[in-house]
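Work out the full structure: start from the sequences and follow the hints.
There are 2 protein chains.
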Amino acid sequence: MQPITTYSLYFEKEIGDYSFPISPENLYQPLDYFLQLGGKRIRPLLTLMAAEMFGSPKENAIHASLAVELFHNFSLIHDDIMDKAPLRRGKQTVHLKWNDDIAILSGDVLLIKAYQALAKQEPRHIPALLDMFNRTAVEVCEGQQMDMDFESRKQVNIDEYIEMIRLKTSVLLGCALVFGAIVADASEKDRTLIYTFGQNLGIAFQIQDDILDLYGDPEKFGKQIGGDIISNKKTLLLLKALELSQNNSESNVLEMLLIEDHVLKIETAKSMFDTLGVLTYAREQMNFYQDMALSALKEISVSPEMKKTLVELSEYLFQREV
Amino acid sequence: MQPITTYSLYFEKEIGDYSFPISPENLYQPLDYFLQLGGKRIRPLLTLMAAEMFGSPKENAIHASLAVELFHNFSLIHDDIMDKAPLRRGKQTVHLKWNDDIAILSGDVLLIKAYQALAKQEPRHIPALLDMFNRTAVEVCEGQQMDMDFESRKQVNIDEYIEMIRLKTSVLLGCALVFGAIVADASEKDRTLIYTFGQNLGIAFQIQDDILDLYGDPEKFGKQIGGDIISNKKTLLLLKALELSQNNSESNVLEMLLIEDHVLKIETAKSMFDTLGVLTYAREQMNFYQDMALSALKEISVSPEMKKTLVELSEYLFQREV
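Just so you know, the sequences run in chain order A and B.
Numbering-wise, the first sequence is residues 1 to 322 according to our numbering.
Numbering-wise, the second sequence is residues 1 to 322 according to our numbering.
Errors might be hidden in some of the hints.
One copy or two, either will do: identical chains are not told apart, so a pair holds if it fits within one copy or between any two.
Derived DSBU-like pairs (lysine-lysine); straight-line CA-CA distance at most 35 Å [claimed, not checked]: (1) K91 with K298; (2) K298 with K308; (3) K91 with K154; (4) K97 with K308; (5) K97 with K120; (6) K84 with K308; (7) K189 with K120; (8) K265 with K40; (9) K234 with K120; (10) K265 with K97; (11) K265 with K308; (12) K97 with K307; (13) K233 with K189; (14) K189 with K307; (15) K220 with K120; (16) K84 with K154; (17) K97 with K233; (18) K91 with K220; (19) K234 with K97; (20) K154 with K298; (21) K298 with K97; (22) K307 with K154; (23) K234 with K154.
Rather than coming from a laboratory, the hints here were simulated on the basis of the structure.
The structure displayed is predicted, hence computed values, not measured ones.
See below:
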């Protein structure tokens, strides 16, 4: 296997060469714009790395990796409409720069383009790739629906929350890795293990994101600190705090949620979460899923040498200041 | 081949048995609702009929036919949002009965479910089915974008209009038929011919729809007569009228478009279109595409006996009072 940057440079070149038709302009220009916004491209790198780990050159998995990235961008474009998000990666979202109709239809065609990229893989792999992709894509939509449902629900328990982030974000990491495994003709057992690795990595990563949102270094986090708590978003931290405070009459988490001053609200939340042990709990959960991920990786029937880049990538993902 | 009703009853039973998961409710209930609204189910019947025409039992093409119907319903749910349509088949549209976000996400998952149905066909057929489906699905989105673009454009020529209806509605008829042909292992040549049949049938059918909107029998048409002209929709009739009136200073079509009284506007449009020969022109165009469709069907290398149901179906489609 090669260092992360090799995969990264290769993928950036390939997605840079990927082009949409010129017309209808209102359908394809938003997609050119959105794909150029970049992002970490973690998912397609997972596909390429998994392919090489299982013994196939990364070039053999390029269309599958593009499919994953196109799908991810489709889901962002549509999620941004639903979330009424003004910005994505610091730039205007498609529905704001154009309009909702264009964001709906451009998103639709991007989803289809993802399938079209997948269909360029070798025909003998297509049925397996398609099954994995369909199942994952359905789950991502289910996760997004659960996320929206949670906003208006009074009570959400932690199992439901984990299930939501598993569907909304983690299964796609598993799928990305399985794509590489399918292309490299890995065994069923290894496909299951690499999927477990990706899924648990994804859950751990999302929990880290919940932690960083409140406790991250503003310089390194790249987003506004405290955004989740300001909007009373039901993250793992808040849900655990609510659960614990039911039995602790002195720390009223519900009252904290009503504070209007942002700075005061963030400080109050932090001190409340510290008292309740919520930060420690979240870190333990994160480590739990990380460990599950790494032990699945360990079981895969290739040499540790071949697993190095994936281990490095997971370390890179959890390097951010907590 | 069997009579139309055999296919129709078979498909209604199959789609009746098709079910979505129960949860998340807000994702799947709108789809249960929408699919139960019914419709003519022309597209899936085309798949089943084509399969049998080329020598495969209709049962072998059931998943492909479901894929076509699910895709068609996906496109209707999203189009209804963009068109701000309150009603579909006489009932509330999804975005109105629920909301835009739910209509977007339910539509997304329905598109994926269409791919999932397709993936249930025999693995050896999947690459060809997937290619056809991807190409068609992209084109349908392009057609919808062109249709939206036309609304705000001052000038649209007739070639552009035909291209728009070809993409937005006709290619899916071609695709539906090719699905049947692929499942029955028809030759490349026959696949091209059946596609040509479907595509031209679709264009002719859409032109008939334009004609019926103004000249149809209200009892038989099932929609409000004159809806297109009331909303100044750029149909083949209006575009031809605008083209012809450029050289005819006496009939000012542009002035007619400003009439506010609906009854007066419809009457004025009709008399203007008669004077300009627009109705005759549209009928000629419809016949032209119908003839192209039927001559492609004639060339297909199966006995005329085997083509009977498809001929009957096209006759049924053009039976409506013009």
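### Task
Report the numbers of all earlier hints that the structure fails to satisfy, in ascending order.
1, 4, 6, 9, 11, 12, 13, 15, 20, 21 and 22
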